[in-house]
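Given two chains presented individually in distinct reference frames, assemble the corresponding complex, making use of the accompanying hints.
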Amino acid sequence: DAKTTQPPSMDCAEGRAANLPCNHSTISGNEYVYWYRQIHSQGPQYIIHGLKNNETNEMASLIITEDRKSSTLILPHATLRDTAVYYCIVTGSARQLTFGSGTQLTVLP
Amino acid sequence: NAGVTQTPKFQVLKTGQSMTLQCAQDMNHEYMSWYRQDPGMGLRLIHYSVGAGITDQGEVPNGYNVSRSTTEDFPLRLLSAAPSQTSVYFCASSSGQRAKNIQYFGAGTRLSVL
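Residue numbers (my numbering), protein chains in the order written: chain A, 1 to 109; chain B, 1 to 114.
Pulled out of the complex, with its shape left as it was, chain B reads as follows (with noise of 0.2 Å):
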């Protein structure tokens, strides 16, 4: 029962580097998403995928790039980090079924950009 799973649970990065948070899910759902929470706030959501090859731009989306290849995994790589993009994310998944959008999110990845 593993569901979803993130990592690292934490990271520090310099401004101007970059790095990919993983994300891997084991109950073969269609939809992915990422999202972020800053202080004090509710989740905005990033890039979101409805299948393998599929992936669209949300609110945020902007420092950020995703790719999904398989159905199980869904990367999110900052190409250069800004101290903007300090915050948690979460990664999330369901079956994309509407009348029972139950999603299911990691436990989130917290990231100090300095």
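Isolated chain A, as found in the complex (with noise of 0.2 Å):
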């Protein structure tokens, strides 16, 4: 799996677009994206993935440049609750996923 390179912490206003960029430099043609997040003490939601081209989903939204070494996750309303640990993990396997640090983003009111 590539490496993953997430900002520790972001800050972000209630309302306003979330942008949570990831940095995977190795990536490989068939690693996926995924996105993940981990609200305190709960376990891990998926949130999006994708592979090439940008993806939308009613949660979030993936941005994944041209060259694919670097992706960044979009919440266009960040409300209190998206405060969480949000994971960007790189992989070309079906089952198993390489958890980093992940950023931990604070929603402010």
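Any given hint could turn out to be false.
[Unchecked claim] Derived, one-sided and incomplete: chain A residues facing chain B with beta-carbon distance under 8 Å:
no.	residue
1	5
2	43
3	44
4	87
5	97
6	99
7	102
[Said to hold, decoys possible] Residues from chain B that face chain A, not an exhaustive set, calculated with beta carbons under 7 Å:
no.	residue
8	39
9	43
10	51
11	90
12	102
13	105
14	106
15	107
[What the hints assert, rightly or not] Label pairs and their calculated CB-CB ranges:
no.	chain 1	residue 1	chain 2	residue 2	range
16	A	77	B	61	36 to 44 Å
17	A	101	B	27	25 to 33 Å
18	B	102	A	72	15 to 23 Å
19	A	7	B	69	19 to 27 Å
Hints listed in this document are in silico derivations from the structure and should not be mistaken for laboratory results. Glycine residues also receive a C-beta, built at the ideal position from the N, C-alpha and C atoms.
Put into structure tokens, the structure is as follows:
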């Protein structure tokens, strides 16, 4: 699995968009980018994933650069309930996830 | 919509005791796994299974045993508990399809070994 680099922490004002970056410069052609989040003490929750194209679902948008070396998770209108640790995971395996330290996102009122 | 169910939610053990953490899923997923999470750290893979009767080691397997006799259940056994095994344990399952590898996690078991 490719190594990922994320900032350790970020703040965002409630109601504003939260943009969480992730660098994965060693990503291989068959590796997907996944985002999970973990709200305090709970099990991780899947958010979104993509291979090459930008993706959007009801929770978030995922923007992957053309060279696939970095990506950004966008929460369009952050709420206090979005405060969590966000993990960017790059893997070609259908079955194993390698969790790094993630980004602690704090949404401020 | 039970998803992945873990029991117990909390457990305190004495050093040397053994116990089994239970994990059950009702989504007919092939793939199941166990992770541990120490304070302030990400999750680390202990063991995983790609189907009934098939298990394999993850990153930190020492001190743990698993078996998979049914698709639904994937118990994790601590053979002789040690203080270093104090952690939060998460079970996860997924369908195993690479393009749709969404892993569903249980609520966790918080284990303290004294």
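* Which numbered hints turn out to be false for this structure? -> Failing hints, ascending: 1, 8, 10 and 19.
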